[in-house]
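There are 2 protein chains.
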Amino acid sequence: MFYTGCRFHSGLTKIMTKKNIKINFREKFEKFSEQWKPKVITELNDYQFKLVKIKGYFIWHNHEKTDEAFIVIDGKIFIEFEEKIEEINEGEMIIVPKGIKHRPYAKTEAKIMIIEPKGIVNTGEILDKLTAPNDDWI
Amino acid sequence: MFYTGCRFHSGLTKIMTKKNIKINFREKFEKFSEQWKPKVITELNDYQFKLVKIKGYFIWHNHEKTDEAFIVIDGKIFIEFEEKIEEINEGEMIIVPKGIKHRPYAKTEAKIMIIEPKGIVNTGEILDKLTAPNDDWI
Numbered sequence: 075m076f077y078t079g080c081r082f083h084s085g086l087t088k089i090m091t092k093k094n095i096k097i098n099f100r101e102k103f104e105k106f107s108e109q110w111k112p113k114v115i116t117e118l119n120d121y122q123f124k125l126v127k128i129k130g131y132f133i134w135h136n137h138e139k140t141d142e143a144f145i146v147i148d149g150k151i152f153i154e155f156e157e158k159i160e161e162i163n164e165g166e167m168i169i170v171p172k173g174i175k176h177r178p179y180a181k182t183e184a185k186i187m188i189i190e191p192k193g194i195v196n197t198g199e200i201l202d203k204l205t206a207p208n209d210d211w212i
Numbered sequence: 075m076f077y078t079g080c081r082f083h084s085g086l087t088k089i090m091t092k093k094n095i096k097i098n099f100r101e102k103f104e105k106f107s108e109q110w111k112p113k114v115i116t117e118l119n120d121y122q123f124k125l126v127k128i129k130g131y132f133i134w135h136n137h138e139k140t141d142e143a144f145i146v147i148d149g150k151i152f153i154e155f156e157e158k159i160e161e162i163n164e165g166e167m168i169i170v171p172k173g174i175k176h177r178p179y180a181k182t183e184a185k186i187m188i189i190e191p192k193g194i195v196n197t198g199e200i201l202d203k204l205t206a207p208n209d210d211w212i
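Chains as they are written, first to last, in my numbering: chain D, 75 to 212; chain R, 75 to 212.
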């Protein structure tokens, strides 16, 4: 009842997350080390909450049909827009409006949470070496 | 362009929040002191992000048509379900599934963020002294 995730992980381990069980961000971040690979931790209706570790520059991209929320859990990130750069620290968030070109980056590894509708590809319309598997649960 | 909020506040001050400007949770929490009165800080498509200070017991209620996300920014909260109580601390979150009866409470004041679709009333179907104004921006 109320399972938000039900995926086969690492071949054998089936991960199930009940919606009405609390989630600890630190514990979830300890479960992976790759950068720029969003990991789904739960769902709110048809939206997903994803944790990501980022360092270095992402690519310029946009999401044609949806806004995207970035919440910084640990560290500092930057989001470059065509006309400015926003610095976002732990305890801060930003909404990137739909259709707006942006490029996230971090000088040292930062831990962030992204909230967006299910099915959104991290690089938008662009296929890149940074394009990550979708719907990857931890 | 990309305004998420445009409200008349305190009679004269017009508050506008651009979607692509970062939001600092601590600064927003300093702008109000009432408990159990959710304050909208931004929007993601047709969802709202709301900050709330809570202390004591809320009422039993549910939201028939939507899940509800609680993220604890500062302190500790409890969410009582019919079969159990979940304790949620800073750095943790929980999704309350749609239709499920729950009662949030906090022993000392806690600061939380709620994410849910626009138009959701905090007490669900129930009209109570704790029913808060909707769409109240800071």
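Mixed in with the good hints, there may be bad ones.
It does not matter which identical chain is meant; a pair holds if it fits inside one copy or across any two.
[Stated by the list, open to error] Listed next, the in silico DSS-like pairs over lysine-lysine satisfying Cα-Cα at most 27 Å (straight line):
{"no.": "1", "residue 1": "Lys-158", "residue 2": "Lys-102"}
{"no.": "2", "residue 1": "Lys-96", "residue 2": "Lys-172"}
{"no.": "3", "residue 1": "Lys-150", "residue 2": "Lys-113"}
{"no.": "4", "residue 1": "Lys-139", "residue 2": "Lys-105"}
{"no.": "5", "residue 1": "Lys-175", "residue 2": "Lys-105"}
{"no.": "6", "residue 1": "Lys-181", "residue 2": "Lys-96"}
The set of hints was computed from the structure by calculation and includes no laboratory data.
Evaluation of the provided hints:
{"no.": "1", "hint": "Lys-158 to Lys-102", "verdict": "between (32 Å within a copy, 23 Å between copies)"}
{"no.": "2", "hint": "Lys-96 to Lys-172", "verdict": "between (30 Å within a copy, 16 Å between copies)"}
{"no.": "3", "hint": "Lys-150 to Lys-113", "verdict": "both (19 Å within a copy, 25 Å between copies)"}
{"no.": "4", "hint": "Lys-139 to Lys-105", "verdict": "neither (31 Å within a copy, 33 Å between copies)"}
{"no.": "5", "hint": "Lys-175 to Lys-105", "verdict": "neither (31 Å within a copy, 32 Å between copies)"}
{"no.": "6", "hint": "Lys-181 to Lys-96", "verdict": "between (31 Å within a copy, 18 Å between copies)"}
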